[in-house]
Amino acid sequence: MLEMFHLKKDIPFMSYGRLTTTISLATFLLAVFFLFYKGLNLSIEFTGGTVLEVRYSQAADPNQVRQSVEALNLSGKHQEIQVQLLGSPRDVMIRLPNVSNITSAKLSETVMAELRKTDAKVESRKVEFVGPSVGEELVTHGLTALALVCVGIIIYLGIRFEWRFAVSAIIANLHDVVIILGVFAFFQWEFSLTVLAAVLAVLGYSVNESVVVFDRIRENFRKAGMRGKGINEVIDNAITATMSRTVITHGSTEVMVLAMLLFGGPALHGFAMALTIGIVFGIYSSVLVASPLLLLFGLTRESMVKPVRVKEEAVV
Amino acid sequence: MNRYPLWKNLIILIALVAGLIYALPNRYGETPAVQVSGTRSSVKVDTAVMDRIEKLLQAAKIQPEGAFLENNSLKVKFAGTEAQLKAKTAIQEALGDDYVVALNLLPNTPGWLAQLHAKPMALGLDLRGGVHFLMQVDMRAAVDKAYERVAGDVRRELKDKKIRAGSIKRLATGVEIQLRDEATLAESRKAIERSLPTVQIAQQSGEGGYRLLLTLTDEEQRRIQSDAVKQNIATLHNRVNELGTTEPVIQQQGADRIVVQLPGVQDTARAKDIIGRTATLEVRMVEEDAAKLSEALAGKVPAGYELLEELDPRGNRPILLKTDVELTGENINDAQAGFDDQNQPAVHIGLDSAGANIFRQLTAENIGKRMAMVLVEKGKGQVVTAPVIRGEIGGGRVQITGSMSTADANDTALLLRAGSLAAPMEVVEERTIGPSLGKENIEKGFNSMFYGFGAVVLFMVIYYRMFGVTASLALGANLVFLIALLSVLSTTLTLPGIAAIALTLGMAIDSNVLINERIREEVRAGVPPQTAIKAGYEHAWATILDSNITTLIAGVALLIFGSGAVRGFAVVHCLGIITSMFSAVVVSRALVNLIYGYRRKVTSLAV
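As given, the protein sequences belong to chains A and B, one line each in that order. Residue numbering for the first sequence follows the numbering used here, starting at 1 and increasing by one per position. Residue numbering for the second sequence follows the numbering used here, starting at 1001 and increasing by one per position.
Hints in this document: simulated from the structure, not taken from any laboratory. Any given hint might turn out to be false.
[Unchecked claim] Selected chain B positions facing chain A (Cβ under 7 Å, derived; list incomplete):
(1) Pro-1318
(2) Ser-1405
(3) Thr-1406
(4) Ala-1407
(5) Asp-1408
(6) Asp-1411
(7) Ile-1433
(8) Asn-1441
(9) Tyr-1451
(10) Gly-1452
(11) Glu-1538
(12) Ser-1547
(13) Leu-1558
(14) Phe-1569
[Stated by the list, open to error] Below, in silico cross-link-like pairs of lysine-lysine (BS3-like), each with a Cα-Cα straight-line distance of 27 Å or less:
(15) A:Lys-121 with B:Lys-1444
(16) B:Lys-1444 with B:Lys-1161
(17) B:Lys-1119 with B:Lys-1075
(18) A:Lys-106 with B:Lys-1322
(19) B:Lys-1534 with A:Lys-223
(20) A:Lys-121 with B:Lys-1159
(21) B:Lys-1534 with A:Lys-8
(22) B:Lys-1439 with A:Lys-121
Keep in mind it's a predicted model, so treat the numbers as computed, not measured. No residue lacks a Cβ here, since even glycine has one placed at the ideal position from N, Cα and C.
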């Protein structure tokens, strides 16, 4: 039998509780700091604007492209023009702000005409225009979805387990979400609608991880062999027992996601990146954040295994 | 103990076979084709047209791969895009303006699959190229227009009943009628109540004069707004049909938005032009009073008038119009481009019976005066022509001539024929994806999925041996089920959808890992093999259910609140979670049962 984790003894995860909580808190605060200090580099889906993806017949110089677009003098909003290469030196992405007095169709045609002056064979591969009103709605919808996911999960876990489990799981996983956002803010990677989808999928996915550990904790409480053990030992045993599954499962999901990151091209890049970070932190937070939180909220054996109530019978 | 009853095995077998059949059409690619249909429903596309086209192609030495008639349109398949393009030009030239000739891609689904209603997944715009628009309907303008109509109706009604009214004013939220005295007030109120039952009437009489204030109820306003969106959708359908696009998507999104998707459209500029245009026709009276015109030119436009430009090749002229709209494009039945007596390009318009009546009355009452045909686009009106009314015009035939080229006449006729928009629309989102980018997206998306899939399978087989093989087969079955389900539900596959398939496969293996780890634990604890299998599956089930339901909660939230890319992801993600539970638990168990359940003696498990 090929085994990666065959541990004779349980790893005392809970005794590292203080350390892991400190680490989490530090990364969390750092993420929040970058989120506020640098902010997310929101895609035009949120901010409104126009994006063009063009393919040159030979390697293009982004600086020169930028200069020719700036030369068009679009309402003097120079600093909002972004030009970057997309995967290959021939593919260029040009991002333009909303220009009030011309339509998007006109705008993309004007830019293309300008670009054709330097390379007659330049090909427009994608044009995307989003008006300013749509963005706000996406933000509110995104936040509503986030809230709905949290409420849904709390209710479900509250029913299946207990409120302490539900709240610990949500805190642990929101911590993942904030860290992903923090990383995107730090590197100023573009935060698009697909990245948002990935972030929300991570939320569901890492709760799933916490649930597996919680299931084990509940089972352990009921096991005869665990009766004499303290809470810490019960949790340590649950984490150790699910360890190998945790690594394998996340490993396979990560392999899928990495395949997307490496071979999926620029269109899937942000999505795969958010998931890659999310999955790594998902493991960490379910094991080392959610479980210490359970202790912090005062989980006891009695909160899981209901004491048998002595029936009160009255003689009539 | 590890045997499924026959019925259970049969169900799994049937599910697998059905899954394979309905996933199969996706294996066959698409063939370039040319689609021919009539511009109007009266133009029939039948075997005669088919015969004509076949002869035509023979003469042009283009070999078609096949042709068939369906729903009053003819589809001709070709071997390559080059032949397709050549054929399109040839057919278009030969058939003329009565037919719409469009490029199309037809799935190569074999006949026996097509008979089972098996069809490939529809590809989203990001995968096949095309144009996507999101339009916002101006709801306030829809209500404004309704008040405009109310004002017109009241004016006509009072005139009919010979009630002398003062000014009829359009307010921001209502129509105000000023009247002379109590008697006319009561009389006109009665007349309005009878002819316009949907308006609310408030009256005011006394010191400040006699007034009636007409407003529309909230319910009526909501109805007008939802009708406006519906009418705009219908109009867009007509316009898109005129463009000759195949399989367009035109849907309402939310209360006031419309999504238009035109897959495979190459000439995006023209598509944008026709769809984005919001032309409506208005007939209004011209004010000839020179004093008023010069006042308006000085920048002080008198109340109740509007200064517009009259189109003229020698330079546009300013023209003063009354703001009252006598007739709108809503009363237009048909519009055709043509020529007038002097061989000038013209648009011939046919009005419906209500429109014809209004027009006859209007012309009868205003002989000798000038009437303006105003084409309103994006809230800006331009006078196309302003002829003098020579006599009463009945029969509802109207002709617009003026300064226009043949192309202008064609475009104007198209816009008027396709119907007017009930309310102006604004493009709030627009996406154009070139066909080459779409192809690349499919390739990259699916390649990355297969690489990931291969790596996971390789690991599972090495690590869990026989149970890894069953888990991998179950994962393969999951992919088949998912693709079959997506094809049957005719979901549109987008790039985020492909990402969701990959992610779902990566997550689906979780259930099998949980099961296999449980079985190992049981084996380690010294439980006999058959019991270990049973206990492993049973113990893992609760965990699998919990974890999948939490993931599903997130998926459903995305489905409800997502739009566009997020929705495409969420649909596939949710369906994938459901199919993965079935395949990971039931299908893999059936395989394990077939392998171990029928052996007399199992000493060890290859787990």
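Going down the list of hints, with the structure as the test:
About 23 Å separates the beta-carbon of B:Pro-1318 from the nearest beta-carbon of chain A, more than 7 Å, and the hint is not met. Checking B:Ser-1405 against chain A: minimum C-beta separation of about 21 Å lies over 7 Å; hint violated. Checking B:Thr-1406 against chain A by beta carbon gives a least distance of about 24 Å; that is not within 7 Å, so the hint is violated. The beta carbon of B:Ala-1407 is not positioned within 7 Å of any beta carbon in chain A (closest approach about 19 Å), and the interface hint is therefore violated.
This hint is violated: B:Asp-1408 has a C-beta 19 Å from the nearest C-beta of chain A, more than the 7 Å allowed. Because the smallest distance between the Cβ of B:Asp-1411 and any Cβ of chain A comes to about 16 Å, over 7 Å, the interface hint for this residue is violated. Taking 7 Å as the C-beta contact cut-off toward chain A, the hint placing B:Ile-1433 at the interface holds, the least distance being around 5 Å. Look at B:Asn-1441: its Cβ gets to within about 6 Å of chain A, closer than 7 Å, so that hint holds up.
Using the Cβ-Cβ criterion of 7 Å, the hint placing B:Tyr-1451 at the interface with chain A is satisfied: the shortest such distance is roughly 4 Å. The restraint placing B:Gly-1452 at the interface with chain A holds, with a minimum CB-CB distance near 3 Å, inside the 7 Å limit. Residue-level restraint check for B:Glu-1538 is violated (minimum Cβ-Cβ distance to chain A is 12 Å; threshold 7 Å). Nearest Cβ of chain A to the Cβ of B:Ser-1547: about 4 Å, under the 7 Å cut. The hint holds.
Among the interface hints, the one on B:Leu-1558 holds; its C-beta lies about 5 Å from the nearest C-beta in chain A, closer than the 7 Å criterion. Interface hint status for B:Phe-1569: upheld, as the beta-carbon distance to the closest one in chain A is roughly 5 Å, under 7 Å. Between A:Lys-121 and B:Lys-1444 the CA atoms are separated by roughly 24 Å; this keeps the pair inside 27 Å, and the hint holds. Only pairs whose Cα atoms come within 27 Å are accepted, and B:Lys-1444 paired with B:Lys-1161 is rejected, the gap being roughly 72 Å.
For the given pair, B:Lys-1119 sits about 17 Å from B:Lys-1075 by alpha-carbon distance, which is consistent with the 27 Å threshold. Proximity of A:Lys-106 to B:Lys-1322 is assessed by CA-CA distance (about 33 Å); at most 27 Å being required, the pair is judged violated. For the proposed pair B:Lys-1534 and A:Lys-223, the alpha carbon gap of about 19 Å is at most 27 Å, so the pair holds. Under the criterion of a C-alpha separation no larger than 27 Å, the hint pairing A:Lys-121 with B:Lys-1159 is inconsistent with the structure, at around 65 Å.
For the hint linking B:Lys-1534 to A:Lys-8, the alpha-carbon distance of about 25 Å falls within 27 Å, and the restraint holds. The suggested pairing of B:Lys-1439 with A:Lys-121 holds, with an alpha-carbon distance near 20 Å, which does not exceed 27 Å.
Hints 1, 2, 3, 4, 5, 6, 11, 16, 18 and 20 from the list above are not met by this structure, while the remaining hints are.
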